[in-house]
Amino acid sequence: MSDSTRSAIADRIAADIGFRFSDEIRVGGHYAPAVRDGRTVYISGQVPRIGTEVAVTGRVGETVSLDDARRAAQICTLRTLAILRGMLASLDAVERVLRVCVFIQCTGDFTQQSEVADAASDLLHEVFGDAGVHARTSVGVFALPKNAAVELDLVVAVRDGA
Amino acid sequence: MSDSTRSAIADRIAADIGFRFSDEIRVGGHYAPAVRDGRTVYISGQVPRIGTEVAVTGRVGETVSLDDARRAAQICTLRTLAILRGMLASLDAVERVLRVCVFIQCTGDFTQQSEVADAASDLLHEVFGDAGVHARTSVGVFALPKNAAVELDLVVAVRDGA
Amino acid sequence: MSDSTRSAIADRIAADIGFRFSDEIRVGGHYAPAVRDGRTVYISGQVPRIGTEVAVTGRVGETVSLDDARRAAQICTLRTLAILRGMLASLDAVERVLRVCVFIQCTGDFTQQSEVADAASDLLHEVFGDAGVHARTSVGVFALPKNAAVELDLVVAVRDGA
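Protein chains in written order, with numbering that gives the first Met the number 0: chain A, 0 to 161; chain B, 0 to 161; chain C, 0 to 161.
None of these hints come from the bench; they were simulated from the model. Keep in mind the model is a prediction, meaning the values are calculated, not measured. Backbone N, C-alpha and C fix where the C-beta goes; we use that ideal spot for every residue, glycine too. Take the hints with a grain of salt, since some may be wrong.
The calculated lysine to aspartate or glutamate pairs, modelled on EDC-like cross-linking and capped at a C-alpha distance of 16 Å, are [claimed, not checked]:
(1) K145(A) x E52(A)
(2) K145(B) x E114(A)
(3) K145(A) x D108(C)
Residues from chain A that face chain B, not an exhaustive set, calculated with beta carbons under 7 Å [claimed, not checked]:
(4) R11
(5) S21
(6) L97
(7) F109
(8) S113
(9) V132
(10) R135
(11) T136
(12) V138
(13) A156
(14) V157
Every beta carbon over 12 Å from chain B, so not counted as near; a handful from chain C, in silico [as the list claims (entries may be wrong)]:
(15) S6
(16) D10
(17) Q111
(18) V140
(19) N146
Please construct the entire structure, taking both the sequences and the accompanying hints into account.
If you want it as structure tokens, here you go:
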């Protein structure tokens, strides 16, 4: 792990939230946590898993509060950072977060998808500064894998030469 | 604002629909209306907002008609054009619309997502001609931010040197 | 059609599933089955259509079984291969499958979205080998065009010079 400022901030946030960067991020099928094409990295949709357990399950607006949904979005985001660290050795290799899609398992009348997604956006900004400011789409969906409350994916640009 | 043919067409459509290009497109959090990486621009998901008000809210197939959903898709699309104008100075800088995702807040038995999305595709074709022909994905979702009837995002390629 | 190994594998899978590569893939509006920008190809969301008929309709977890949903994901994937063959002449021109989004029309308590998406990932791996290993996002949505059980889209990188 790099001990850059970015990594140090990510480590501090992870400790606050109870996420462990030491856990391995694995996928079960014939796909990958992330794929790189030139300077572009596509990261697979992440649910708020800590270790082997999905930490926030259920429907936002029903059994899951806005605060818990925001924590779920933070855990998903930390997982994408863990994947980027594993692939690029250091978060310093990230030139810019380009795009974030946030899917929220919510009730039919829940309208605060943006407030949930803000927790991911704020975390990316805290770690990457201006390089963490991205385009974003947030939608409320009917069901997510493993009954996760939130799922999100990222597209990221990598520095030249990194 | 450029007075190119593309902009003139967009202005005319906006006037027909009641959309104002003069309104500022703002976002509330640590993300951006659009992010550019080299020749590629990622535009954030747009709801059918005119000024500060979401013009078409509710569930398509229930309280929102197909016609109103199509108007919502048009307003979302006009917002992406407003963002592109703001970022690139002129719509002439767009080389190609690459990809459009259309999310429709609808009933569980609504099946005309493509007919809603066609309103966005037709508008892009009217403004950009062949350069507006894109890849597209349309899905029906359970809930959208601010109870919007439609949300859509774009990926666009910019001309070399623009 | 190329008679490369990849195409031969795709043909064999198609025959098993009852998909016909000879059917034309058409779209009805002002969009395209796929758009290429440099080395990147964006493929439009595909529903499990064979010829003019959607082969697997309904809601997964209710009227559609997990096995049928997996077959739907396979048909969608074969359609993306048919589109790539049509655009690039041969599947050998594909350098890497970068990203797959899988949307599943399911019940609110369905949690096996990943198991449905695995059918698409496995097929891509079978045809492309390591070049078929992609980033993936799978979500459960409320409604899909034509009452399709599954819809999926792809982003693909093309070999230099292809």
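Here is what the structure says about each hint:
1. K145(A) x E52(A): 10 Å, holds
2. K145(B) x E114(A): 11 Å, holds
3. K145(A) x D108(C): 9 Å, holds
4. R11: 18 Å, violated
5. S21: 27 Å, violated
6. L97: OK, holds: L97(A) within 7 Å of chain B, min 5 Å.
7. F109: 5 Å, holds
8. S113: Result: holds, 5 Å to nearest chain B Cβ.
9. V132: 5 Å, holds
10. R135: With Cβ-Cβ at 4 Å, under 7 Å, it holds.
11. T136: Check passed: Cβ of T136(A) comes within 3 Å of chain B, closer than 7 Å.
12. V138: Since chain B brings a Cβ to about 5 Å from V138(A), closer than 7 Å, the hint holds.
13. A156: This interface hint holds because 5 Å falls under the 7 Å limit.
14. V157: 10 Å, violated
15. S6: 22 Å, holds
16. D10: 25 Å, holds
17. Q111: Per Cβ check, Q111(C) is outside 12 Å of chain B; nearest 18 Å; holds.
18. V140: Check fails; 5 Å does not lie beyond 12 Å.
19. N146: Nearest chain B Cβ is 5 Å from N146(C), so the label is violated.
In summary, the numbered hints that this structure violates are 4, 5, 14, 18 and 19.
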